[in-house]
Amino acid sequence: MSNITSLTLTELVKNIKNKKISSEETTKAFIERGEKSRDLNAYITENFSNALEKAKSFDQKPNFDLKLPGVPMAVKDLFCTNGVKTTAGSKILNNFIPPYESTVTKNIWNEGAILLGKLNCDEFAMGSSNETSFFGNVQSPIDKDLVPGGSSGGSASALAANLTPITIGTDTGGSIRQPASFTGTVGLKPTYGSCSRYGIVAFASSLDQAGPMSKNVKDCALLQEIISTFDVNDSTSIDFKRNAYSKELTNNIKGKKIGIPKEYRVDGMSKEIEDLWVKGIEFVKNCGAEIVEISLPHTNYALPAYYIVAPAEASSNLARYDGVKYGFRSKGENLIDMYEKTRSEGFGEEVQRRIMIGTYVLSSGYYDAYYLKAQKVRKLIKNDFDEAYKKVDAILTPSTPSAAFKIGEKVNDPVSMYLNDIFTVPVNLAGLPAISIPAGVDAKGYPLGLQIIGKAFDEQNILNIAYAMEEKIEFKNKITDWWIK
Amino acid sequence: MTIDLKTIKHISKLSRISVDDEKVKKLAGDLNSIFDFIEKLNELNTNKVEPLTSVAETTLRLRVDEVKSKDIRDLILKNSPDENEDFFVVPKVIE
Numbered sequence: 001m002s003n004i005t006s007l008t009l010t011e012l013v014k015n016i017k018n019k020k021i022s023s024e025e026t027t028k029a030f031i032e033r034g035e036k037s038r039d040l041n042a043y044i045t046e047n048f049s050n051a052l053e054k055a056k057s058f059d060q061k062p063n064f065d066l067k068l069p070g071v072p073m074a075v076k077d078l079f080c081t082n083g084v085k086t087t088a089g090s091k092i093l094n095n096f097i098p099p100y101e102s103t104v105t106k107n108i109w110n111e112g113a114i115l116l117g118k119l120n121c122d123e124f125a126m127g128s129s130n131e132t133s134f135f136g137n138v139q140s141p142i143d144k145d146l147v148p149g150g151s152s153g154g155s156a157s158a159l160a161a162n163l164t165p166i167t168i169g170t171d172t173g174g175s176i177r178q179p180a181s182f183t184g185t186v187g188l189k190p191t192y193g194s195c196s197r198y199g200i201v202a203f204a205s206s207l208d209q210a211g212p213m214s215k216n217v218k219d220c221a222l223l224q225e226i227i228s229t230f231d232v233n234d235s236t237s238i239d240f241k242r243n244a245y246s247k248e249l250t251n252n253i254k255g256k257k258i259g260i261p262k263e264y265r266v267d268g269m270s271k272e273i274e275d276l277w278v279k280g281i282e283f284v285k286n287c288g289a290e291i292v293e294i295s296l297p298h299t300n301y302a303l304p305a306y307y308i309v310a311p312a313e314a315s316s317n318l319a320r321y322d323g324v325k326y327g328f329r330s331k332g333e334n335l336i337d338m339y340e341k342t343r344s345e346g347f348g349e350e351v352q353r354r355i356m357i358g359t360y361v362l363s364s365g366y367y368d369a370y371y372l373k374a375q376k377v378r379k380l381i382k383n384d385f386d387e388a389y390k391k392v393d394a395i396l397t398p399s400t401p402s403a404a405f406k407i408g409e410k411v412n413d414p415v416s417m418y419l420n421d422i423f424t425v426p427v428n429l430a431g432l433p434a435i436s437i438p439a440g441v442d443a444k445g446y447p448l449g450l451q452i453i454g455k456a457f458d459e460q461n462i463l464n465i466a467y468a469m470e471e472k473i474e475f476k477n478k479i480t481d482w483w484i485k
Numbered sequence: 001m002t003i004d005l006k007t008i009k010h011i012s013k014l015s016r017i018s019v020d021d022e023k024v025k026k027l028a029g030d031l032n033s034i035f036d037f038i039e040k041l042n043e044l045n046t047n048k049v050e051p052l053t054s055v056a057e058t059t060l061r062l063r064v065d066e067v068k069s070k071d072i073r074d075l076i077l078k079n080s081p082d083e084n085e086d087f088f089v090v091p092k093v094i095e
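Protein chains in written order, with this note's numbering: chain A, 1 to 485; chain B, 1 to 95.
Since the hints were derived computationally from the structure, they do not count as laboratory data.
Hints may be right or wrong, so weigh each one.
[Claimed, not checked] Non-contacting residues of chain B with respect to chain A, defined by C-beta distances greater than 10 Å in every case (computed):
hint, residue
1, T2
2, R16
3, E39
4, K78
[Claimed, not checked] Across the chosen pairs, the derived CB separations fall in these ranges:
hint, chain 1, residue 1, chain 2, residue 2, range
5, A, N412, B, K13, 25 to 31 Å
6, A, E46, B, N47, 23 to 29 Å
7, A, S416, B, H10, 36 to 42 Å
8, B, L5, A, N412, 49 to 55 Å
9, B, K25, A, E471, 50 to 56 Å
10, A, Y367, B, G29, 49 to 55 Å
11, B, N79, A, Q60, 49 to 55 Å
12, B, L77, A, E471, 42 to 48 Å
Keep in mind it's a predicted model, so treat the numbers as computed, not measured.
Ideal Cβ placement from N, Cα and C applies to all residues, glycine included.
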């Protein structure tokens with residue numbers, strides 16, 4: 001079979017189960033393409049020779065009852081993988097080898113998948129363009145010198161470039177949905193508490209969620225079904241009835257009420273995004289759903305609230321990186337000097353900036369004015385959604401205010417970089433599930449995504465809506481392999 | 001809102017991140033533009049709003065206090081930048 005790497009996950013699984021292709025053949029194909037694609041800088045750590053060994057041993061004793069039988073797959077380098085270096089895109093962890101496995105990746109390997117390697121990301125998942133990684137920026141396969149989005153930029157790039165059939169990212173403020181939107185792929189941020197946070201390098205614990213990134217909605221549903229499990233090792237994991245998302249997937253969304261929030265028509269939104277949204281509304285109408293105008297009045301306050309809550313939690317989570325027990329250490333004259341030099345040399349600019357913001361808003365005299373205020377605004381934002389969901393089943397918005405931008409374009413203006421996440425951040429603050437699906441292209445041919453936001457624990461519903469829309473949209477990603485010489 | 005250089009130095013101390021004068025200046029610029037943006041929250045009256053600390057509406061679960069990971073000392077110490085037999089090593093703290 002010549003086109004192994006361009007198959008969807010569902011097709012790949014079917015071909016392996018029917019013995020049309022072996023795990024070794026599949027793994028070899030992805031490794032070869034990975035080796036030819038190093039200019040994308042999607043990988044931080046390649047696990048190629050190990051993967052090949054595992055594929056061979058799978059083929060010797062295949063178990064076709066598994067959901068991912070011998071399927072090779074690369075994951076974001078924010079998930080701890082037992083015995084395989086895990087860096088979170090940071091110098092401070094550049095030699096860290098976890099002695100344990102994250103629950104999400106463990107679930108994936110238990111279904112027969114094989115680790116191809118660890119994918120690049122913004123340092124500690126703080127960024128929207130993959131430019132803050134200690135291991136360098138990632139190229140988007142869509143066009144040269146274009147950002148793949150972030151923070152799961154390596155995941156998005158590897159997926160769109162066919163270096164992995166499917167992948168996982170993490171999403172604290174849009175880090176799965178924005179890169180999915182920028183690269184013409186599908187990305188799901190599950191409900192807070194759906195996927196275990198155990199073994200994921202922590203950024204902002206009340207917002208972080210792992211989720212699937214895939215070539216289509218069906219693949220996304222299948223991976224979500226695998227990674228979403230109740231886990232005693234995560235104190236905020238929630239024990240709710242999880243669907244067999246891929247089996248229960250249906251394109252019948254007749255009579256569903258879809259909300260269109262007027263506050264998402266932000267100033268300066270490009271005509272292309274506006275048109276895309278209108279097109280999306282037509283698509284859901286054609287699927288038999290009903291459109292309802294709704295209001296989410298506090299939308300404009302989500303981003304400022306996020307930039308208090310997320311850095312505050314980050315400053316606390318990242319206090320553990322002190323150069324004592326693991327990771328990078330700098331030499332110091334005494335203990336404090338060692339701490340300060342280690343953190344100054346080990347963390348990059350954006351991470352230091354966020355630690356400082358977080359430390360400031362939590363410091364004595366400022367806690368009430370900033371942190372408490374932001375938590376109250378967070379409540380108002382959640383109330384907005386609760387109110388809206390009395391009238392609608394899901395909400396349709398653009399995923400991002402623009403298509404992907406060029407590398408270096410926004411790197412010196414943190415606030416303009418933060419504005420990228422204006423449509424995705426409210427969802428994290430409210431803990432809701434949301435999916436981004438590719439829905440069109442801008443004038444330059446760069447992909448644009450639409451976001452469907454659901455009620456808490458209602459992943460099945462937004463997957464169904466996405467599935468129905470996907471059929472109508474018929475999006476095809478144009479990848480020219482420009483980086484392969 | 002202006003965060004002055006003295007405050008930046010104070011925050012960097014609290015953050016345990018060493019800074020030189022050039023970095024302090026750069027950080028002051030960045031943080032001020034970010035806080036100008038954050039100030040928008042003051043448009044809202046939140047006196048009667050309860051703060052939201054977690055969206056997971058559950059109480060923390062209790063569990064039995066028992067050791068589950070055994071014999072992992074060597075694995076843990078292996079990641080240490082400096083070790084001596086069974087201990088993590090740090091610069092001298094007692095004069």
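Going through the hints against the structure:
no.	hint	in the structure
1	T2	13 Å, holds
2	R16	5 Å, violated
3	E39	8 Å, violated
4	K78	7 Å, violated
5	A:N412 with B:K13: 25 to 31 Å	26 Å, holds
6	A:E46 with B:N47: 23 to 29 Å	55 Å, violated
7	A:S416 with B:H10: 36 to 42 Å	28 Å, violated
8	B:L5 with A:N412: 49 to 55 Å	20 Å, violated
9	B:K25 with A:E471: 50 to 56 Å	55 Å, holds
10	A:Y367 with B:G29: 49 to 55 Å	24 Å, violated
11	B:N79 with A:Q60: 49 to 55 Å	33 Å, violated
12	B:L77 with A:E471: 42 to 48 Å	55 Å, violated
Hints 2, 3, 4, 6, 7, 8, 10, 11 and 12 from the list above are not met by this structure, while the remaining hints are.
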